[in-house]
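Q: Construct the complete structure from the given sequences, taking the supplied hints into account.
One line per chain: the protein sequences are A, B and C, in this order. Counting from 890, one number per residue, gives the positions in the first sequence under our numbering. Counting from 6, one number per residue, gives the positions in the second sequence under our numbering. Counting from 4, one number per residue, gives the positions in the third sequence under our numbering.
Hint data in this document are derived by calculation from the structure and do not stem from the laboratory. Just so it is clear, the structure is predicted and the values come from calculations on it, not from any experiment.
Under the rule of at most 20 Å between Cα atoms (straight-line distance), these lysine to any residue pairs were calculated in the SDA-like manner:
no. : chain 1 : residue 1 : chain 2 : residue 2
1   : B       : K497      : A       : F1018
2   : B       : K320      : C       : L77
3   : A       : K972      : A       : N898
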Amino acid sequence: MNTIHVNINNIEIPTTADKTILDVCREHKIDIPTMCHLKGLSDVGACRLCIVEIEGMNKLQSACTTKVADHMIIQTNTDRIKKYRRITTELFFAERNHVCSVCVANGKCELQNLGYQVEMDHVRYPFLFPQCEVDTSHPWYVMDHNRCIMCTRCVRVCQEVEGAHNWDVMNRGHAVRIISDFNTPWGESTTCTSCGKCLHACPTGAIWPKAIVQGQLEKKPEIIEELIEKRKMHDGF
Amino acid sequence: MNRLDFHTKIAALQQLDKTKTVQHRIGICCGAGCISSGSEEILKKLESEVQQRGLSEKVEVIPTGCMGPCNHGPLLKHLDQHTIYQKVNCTNITSILQQHVIEQTLIEDQLLFSDSRTNAHADYRADPFFKKQCKIALRNCGKINPESIEAYLLQDGYKALDKALFEYTPEEIIGEIKHSRLRGRGGAGYPTGIKWETVYKYVNNEKYVICNGDEGDPGAFMDRSILEGDPFSVLEGITIAAYAVGASKGYAYIRGEYPLAIKRFESALKQARKWGLLGNQILGSSFHFDLEVRIGAGAFVCGEETALIASIEGKRGTPKPRPPFPAQSGLWGKPTLINNVETFAAIVPIVLKGGEWYSEIGTAKSAGTKVFALAGKVNYAGLIEVPMGTSLREIVFEIGGGMQNQASFKAAQTGGPSGGCIPIEFLDVKMDYESLLSLGSIMGSGGLIIMDEHSDMVDVARFFMEFCMDESCGKCVPCRVGTKMMHDLLQKICINKGTNKDLERLEELALYVKETSLCGLGASAPNPLLSTLRHFRSEYETRIHPSQDTVQDKNQSG
Amino acid sequence: MNNTLSTTDPRTKLISSKLKKEAYKADALIEVLHTAQNIYGYLPIPVLAYISKSLHLPPSRVYATVSFYHFFSLKPKGEHTCLVCTGTACYVKGAQQILEKIEQVFHLKPGETSKDNKLGIQVARCVGACGLAPVVVLDDEVQGNIVSEEFTQTMKEKMGLL
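A: What follows is the structure, encoded as structure tokens:
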């Protein structure tokens, strides 16, 4: 593929047109926070954390879904973008019931890290305190909707990598929730293979194994990409 | 049927029409509004009355689409003498037949607007409600039987398709549409010709045309009325578009709330297939095209192109980031043209009369006419079509007959939940895309709600925010959480509990949601809030109690 | 939960013929759901299970779609439905007062169905009859220019509650 040139934060970068802005930034260690993006899964552009300014476009674009083009001039870290990223982070915290101190993911949580990254010292918006269920019906795993940020990484990994499609999203607006089957308890699902990929894909403490206690959660989101790579290797057999 | 057979059949139809002895064609409005006031019963009564009196040779009773002044219905129109009677019922219909049709005497106190105008006009076309209008998309609405292809054919129906297929190349049609300067009537106002050209240029043996009839704006009923009143004109427009961009399959996505529109459009499809105007080798040419109706299931966001596509594919109607645009990768990943019902309805006249003719109507940047659903506190509410650039004042005070109960005009709301409110200072604003945008509102699809002094503008903003919050698909964070936050803050201000800090946060959130949302719904959701803040800020400020600001903000992060 | 439909039930046959007509294509899901809701009045889980199996769609995908659209209901509706339009024109002309009056007379809020399942109150975001605002759809019949006092009386008559 032909080499093209893009300008990101005033640095000229040679690359190819099949990549997204996020790919190029990650390759060149340009930091862009993301939540709904997970390498190996399809991108949906839902969390809006990776928004960037592109010269000539009047709308902010999500870096994970926008392909680079020759002579594209991109800014990833303007004051406006920083401000908006912080608001998004605050809204994440205000939307459900996140209490880091008692969470299994404390210290290993992508949402918590995001909070540090955007220097969020407090949330200026009223907490919504929605009523959320904790589904403990699965023999090994727990789904705690209080800690879910609706990134839908679990939905996509289950559908795209495992192929089970146990998870999906119900309702709309702020009433959306992750569901298994017909909104049936996870333990009664007819489609779940108990493979545990959703657990590794989940960025927060929303999905976790029963066998661990607070703060000891080990998640390996990179395992998803590894799986996909390994499958490609076996294609020749 | 090949072209020659078609022409022969049309000639026969015209011949038959000429030999008719009918002197009085009486139209009964069977638009959704008049039907709900009982017009179908009146139609039956009149038909049987005509039969009983042995007048069938002289009087023809025709069910028609919307005639316009909906809140005066049920309406009866003498189609040859251009007289409209209002508030017709099963009792006075016989006297109208007797006096007006047989004895040829006008019943003055039952004429349209006779209860509100000092001199009601026997010829409705002389009344300001109609005089200021220019009907292009609505040219057949309220004039012909929408369920009869023959009636449509007698109004030069399918002449444009015939012309397009045999006298024009696809490029020439696109050129004509570009020349007309027609812009998308669904709200965004993107030039239609350029959209067609983009789809045309993508090489693919599978392309789609979609007619967006998911009219979700509360307070809008233009698409409904066109689909109910003149479905063939929309269908012919879609067919021409398909030929121009090279599509062989199309979908009409119609709101589930509009059963009558669905029924009439489906009936139009059936009849067009019978006449060989849809299907294989249309009029004997090499062009194939067929269309399916998809019924919307109640989601405002499906008016957004990518969400509508997801819905046609049988999925949740959640939008996708653009680019790629549907013109490149739309339905099932194929190049797809999506236009609104009203846009398609304007195609046939443009092809028949030329782009030049259309471009001369309206203003320099907004050509042609726009259909508005005029509603709210005006005397004459209903469906109107005016040249772009007609002033709001003309619409409210001349066409709309002024404010109800002598109340004073406070604001006009355009563009529904994506639009804004225009205050009295800007009553002379020209209704076109640019002028409305400069006032912080939008043209939108054509909902036009007039409010009087009793409307509370903060509550109006809350009303629209509640709508957007309920209709948010929940995919992206700014729209999902942001609309909820803004709604809660507005609610707080509405009950006089708001603080200056709340107002500050509200404004910050509004800009944030506008700029970061994934799709148009989120991006425009703050518009009613921003526009009321701009024009009616004092109404917010009088509800703020500075004393509340001293209360410590207790929120802390987890 | 019993998730199987009786094959002798004529309603099952209606759904299966619709499925056949749509050639069991996954993209026909919404069309099939419309049909099913017309037949049953709502969408019971066994019906969804049947559709999910026939269209080879995962259960969660079917449920996700059903719960997204306002038109589809997972709960049975009342024998009579009263749908109050809360579109902009109706809002400006007093839809809220109609809802208040209904609540006062029937003790039902939007989305609720009476205990005897006789009456269900719903709201719609514009039924497109704005010229007649405020509008209520009573058992599929559009009624315009509503005056709340008279209207609750009409409702009672309609439901034989007088």
